[in-house]
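Colleague: Chain by chain, the residues run as shown.
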Amino acid sequence: MILLTWYLILSGVLFTIGAVGVLIRRNAIVIFMCIELMLNAVNLAFVTFARQLNSMDGQIFVFFIMTVAAAEAAVGLAIIIAIYRNKATVNVDNINLMKW
Amino acid sequence: MLAGLLFIIMGLITIVCALCVVFQKNPIYSAIFLIQTMVSLAVLYVLLHAQFIAAIQVMVYAGAIMVLFVFVIMLLNLNKTDVEGDYDKLLFQKPSAIILGFILVVMIGVVTLNTVFQGTQGEYTPESISQIGNTQLVGKMLFTKYVFPFEIASILLFAAVLGAIILAKKQIIKDKEV
Amino acid sequence: MPYFFGCSYLDLIGYVLLFPLAGTVINGFLGKKLNKAIVGIVGCTAIGLSFIVSFFVFIDLLKLAPEHRVFEKDYFTWIGSGAFEAIAGLQVDPLSVIMILVVSGVGFLIHVYSVGYMHDDDGFYRYFTYLNLFTFSMLLLVLANNFLLMFIGWEGVGLCSYLLIGFWFEKKSASDAGMKAFIVNRVGDFGFILAIMLIFVTFNTIDFTDVFHAAPEHLQTGSFIATMITLLLFVGAVGKSAQIPLYTWLPDAMEGPTPVSALIHAATMVTAGVYMVVRCNVLYTLSPFSLTVVAVIGGATALFAATIGLAQNDIKRVLAYSTVSQIGYMFLACGVGAYITGIFHLVTHAFFKALLFLGSGSVIHGLGGEQDMRKMGGLKKYMPTTHTTFLIGTLAIAGIPPFAGFFSKDEILLDAFTKGSLLLWGLGAFAALLTAFYMFRLLFMTFYGKSNMTKHVEEHVHESPMSILIPLLVLALLSILGGFIGFPTASAINSFLAPVIGGGHHSMADGGNLHHVSNSLMFSMMGISTGIAIVGILLAYLMYIKQPDLPAKIVGKFKLIYKIIYNKYYVDEIYDATIVKPTVKTSFILWKIVDVKIIDGFVNAVARIVELKSEVLKLFQTGYVRNYALSILLGGVIIIVCSLVLL
Numbered sequence: 009m010i011l012l013t014w015y016l017i018l019s020g021v022l023f024t025i026g027a028v029g030v031l032i033r034r035n036a037i038v039i040f041m042c043i044e045l046m047l048n049a050v051n052l053a054f055v056t057f058a059r060q061l062n063s064m065d066g067q068i069f070v071f072f073i074m075t076v077a078a079a080e081a082a083v084g085l086a087i088i089i090a091i092y093r094n095k096a097t098v099n100v101d102n103i104n105l106m107k108w
Numbered sequence: 003m004l005a006g007l008l009f010i011i012m013g014l015i016t017i018v019c020a021l022c023v024v025f026q027k028n029p030i031y032s033a034i035f036l037i038q039t040m041v042s043l044a045v046l047y048v049l050l051h052a053q054f055i056a057a058i059q060v061m062v063y064a065g066a067i068m069v070l071f072v073f074v075i076m077l078l079n080l081n082k083t084d085v086e087g088d089y090d091k092l093l094f095q096k097p098s099a100i101i102l103g104f105i106l107v108v109m110i111g112v113v114t115l116n117t118v119f120q121g122t123q124g125e126y127t128p129e130s131i132s133q134i135g136n137t138q139l140v141g142k143m144l145f146t147k148y149v150f151p152f153e154i155a156s157i158l159l160f161a162a163v164l165g166a167i168i169l170a171k172k173q174i175i176k177d178k179e180v
Numbered sequence: 036m037p038y039f040f041g042c043s044y045l046d047l048i049g050y051v052l053l054f055p056l057a058g059t060v061i062n063g064f065l066g067k068k069l070n071k072a073i074v075g076i077v078g079c080t081a082i083g084l085s086f087i088v089s090f091f092v093f094i095d096l097l098k099l100a101p102e103h104r105v106f107e108k109d110y111f112t113w114i115g116s117g118a119f120e121a122i123a124g125l126q127v128d129p130l131s132v133i134m135i136l137v138v139s140g141v142g143f144l145i146h147v148y149s150v151g152y153m154h155d156d157d158g159f160y161r162y163f164t165y166l167n168l169f170t171f172s173m174l175l176l177v178l179a180n181n182f183l184l185m186f187i188g189w190e191g192v193g194l195c196s197y198l199l200i201g202f203w204f205e206k207k208s209a210s211d212a213g214m215k216a217f218i219v220n221r222v223g224d225f226g227f228i229l230a231i232m233l234i235f236v237t238f239n240t241i242d243f244t245d246v247f248h249a250a251p252e253h254l255q256t257g258s259f260i261a262t263m264i265t266l267l268l269f270v271g272a273v274g275k276s277a278q279i280p281l282y283t284w285l286p287d288a289m290e291g292p293t294p295v296s297a298l299i300h301a302a303t304m305v306t307a308g309v310y311m312v313v314r315c316n317v318l319y320t321l322s323p324f325s326l327t328v329v330a331v332i333g334g335a336t337a338l339f340a341a342t343i344g345l346a347q348n349d350i351k352r353v354l355a356y357s358t359v360s361q362i363g364y365m366f367l368a369c370g371v372g373a374y375i376t377g378i379f380h381l382v383t384h385a386f387f388k389a390l391l392f393l394g395s396g397s398v399i400h401g402l403g404g405e406q407d408m409r410k411m412g413g414l415k416k417y418m419p420t421t422h423t424t425f426l427i428g429t430l431a432i433a434g435i436p437p438f439a440g441f442f443s444k445d446e447i448l449l450d451a452f453t454k455g456s457l458l459l460w461g462l463g464a465f466a467a468l469l470t471a472f473y474m475f476r477l478l479f480m481t482f483y484g485k486s487n488m489t490k491h492v493e494e495h496v497h498e499s500p501m502s503i504l505i506p507l508l509v510l511a512l513l514s515i516l517g518g519f520i521g522f523p524t525a526s527a528i529n530s531f532l533a534p535v536i537g538g539g540h541h542s543m544a545d546g547g548n549l550h551h552v553s554n555s556l557m558f559s560m561m562g563i564s565t566g567i568a569i570v571g572i573l574l575a576y577l578m579y580i581k582q583p584d585l586p587a588k589i590v591g592k593f594k595l596i597y598k599i600i601y602n603k604y605y606v607d608e609i610y611d612a613t614i615v616k617p618t619v620k621t622s623f624i625l626w627k628i629v630d631v632k633i634i635d636g637f638v639n640a641v642a643r644i645v646e647l648k649s650e651v652l653k654l655f656q657t658g659y660v661r662n663y664a665l666s667i668l669l670g671g672v673i674i675i676v677c678s679l680v681l682l
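Residue numbers (the numbering used here), protein chains in the order written: chain D, 9 to 108; chain E, 3 to 180; chain W, 36 to 682.
Same shape as in the complex, but just chain D:
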């Protein structure tokens, strides 16, 4: 089962790449894609564990995560469109009302 350990490491690497992407990109859509990347990394970990434990529950979880991701993508992209309408940009640095 050493192989499965490498699946987990692959999952971790993907997750980190996604996280770093969120941190260094300023385009809201790309940030959003990086979040999808992180979700996929988690999915991979779930499937790996399901395989290792001879269980179906992990796969069901992945199914639900995909559902949530779809919902999130729909709403998130709608938000991005709304912001773009108001600010004419998708640069997150311009969405800076957290500090007046």
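Calculated directly from the structure, the hints in this document are not laboratory data. Treat the hints loosely; a few may be bogus.
What the hints assert, rightly or not - Mimicking BS3-like on lysine-lysine, the simulated pairs with C-alpha atoms at most 27 Å apart in a straight line are:
| hint | chain 1 | residue 1 | chain 2 | residue 2 |
| --- | --- | --- | --- | --- |
| 1 | W | Lys648 | E | Lys91 |
| 2 | E | Lys27 | D | Lys95 |
| 3 | E | Lys91 | W | Lys653 |
Knowing the structure of chain D, use the given hints to seat chains E and W on it.
Modeller: This is chains E and W only, laid out in the frame that chain D set:
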């Protein structure tokens, strides 16, 4: 052995494509590399005997969701200089994020390699799954043990549809007022 | 024994308190919406019912054998904390019964009087709320069966006194007087609190019965603790009863409505100190030194206040100083061990002083608010009833037989002579002379001679309405007859109160009883005191009726003395210079330097440090969400590293 080789190839493709998602200047390239990442992940799911998940990974993720992304990118007509071209006000953001990322990868590696994963073994070995059929098993689980979350998920999707329509509706705040 | 709802009237003692409290609540919360007639009826009925219950309690108590006339009713444990226990309980014994009869009886008459007197005032309901609350507190004070509950009543009457002195608070002098009364009283209350603490430390209880039982065994006569307790209690009494040196608030208290002056600052509240000393007579008997202090302070105050009364022109202020003086008599009596005589004088004083105050109120009412005696005169023909009753009150306070004041004052002087010293008797006798003089001066200046009223006032002068006159008549009757409860050879009050005094101690024998005194001495003393009173009256007659220019001549001759007396010995000014001004100055320094510079400095420094730190920390708050996300990642990495290193 074949599975191992396939894993190494697919894993490398996944990582390279993921890096490209992050570092491509043009969002449409990022989107395309993300599709590739997801397809190679689907291959890995097949290697892990999760055929149904692999199938919906391609259909829902690489298909539906990514199409949505691409549509939005085209809709907003973003070119690369539009966002990333100007000077980053946060000087240390990029280097520190990358350094932290490296540390995180190393840590995950150390933790994973040093841990022996144990757990109660379930009844669904790859053999029994292939006997019954992966899709049939997922369906059975969804409508028995996970029927309640399943119904909740439907409500969630419904709410998301409504929310997306309302948010994307024209002129929540009139442009002139901003 | 008459039973009411299946219990003896003694069990109903709580209702004595309940009625005034109910009146307070009703008038206080609903008074604004009710019309004045109803407010007045509620206020008077509450006290009237209280008086009726008190009367039945008195009757019931009389039916018991003299040595069993103590009834205690505990309601609930008010404070229970380790060894300390305060029970909310009432004690009915001859002393408290006499007090509740006087308080509710005189209080009722004054309530009735107030309906007429305060009728045009906007604060009518407020007035009756306070007055009912006062009656409640006073009754609580005299009925309490332990020191702490008594203190609640003690503070309650102080509060009501403050509220009622400052009743017309739009007037600066009135609100100032209220504050003065409150602050001066606090000095006394401080002594009282210390005394209560000392009593608890010494006896481990604050219950009257227990303390007085334990005291003779616990403390030796003349011991330091006994002296300390009694002196501290006396400090409280001095504050509340306006004795030297804390008397200055009482004359100023005349800023309140006249019925208030009659009820609170003459008849009841200010005598609370006397009541308290008599209640604690067991303790006082244990400390001869304290008794001497009480007697000397009382005698000195009697004389001192009487001299000030000679030169005052405000009708109410003369009465105020006479109150101070008369309470001095009561303390003089207590100080020589004649506690019963003190209470006797308290009762008769309540009658005639309430009468005098209400009479002066009637005069002020008739003259449309005028209080200066120099602008009165010849009122006899305008206000005949007021004049008659006022004359009775004046005769009573001057000590002419057979009016009430004669018996009690004569007995005090006799006790001062036989049990005290010639000096104390001299103080009292001279004060009696002055009392007769200044009271008749007041009478003559107000009701006799030629009118000094302004035209405008003279046109409107009228006799007061019936609601004012009826209480006057009742009180006049009491002032005539009240003295006979202490008729020298067959004193009802003596035998009634005797069980309360001394508690089986040796002082019971001479607890104000006159039986040791030979009849010849007694009658010669009577003759002397009557003679003194008549001399005072004749002097006043000579100076203010026969030769009205004589006072001016005398003043001309003794200018300095007159000036000193007229200005009340400059005591207020001395207090102002020695206590008030330094306090204000010290406070000013404390404010400007200690508070503003040091304390505020610390506070500001803390704020400044926080501000500076925030300036640094602000740099981390960039306002960019991805920057915050970086912090999250940093935190996550740190947690993972830590868990790896530590585990």
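Colleague: Evaluate each hint against the coordinates.
Modeller: The hints, checked one at a time:
1. For the given pair, Lys648 of chain W sits about 24 Å from Lys91 of chain E by alpha-carbon distance, which is consistent with the 27 Å threshold.
2. Our distance criterion of 27 Å between C-alpha atoms is met by Lys27 of chain E and Lys95 of chain D, whose separation comes to about 21 Å.
3. The hinted pair formed by Lys91 of chain E and Lys653 of chain W meets the criterion: a straight-line CA distance of about 16 Å does not exceed 27 Å.
The earlier numbered hints are all upheld by this structure, with none contradicted.
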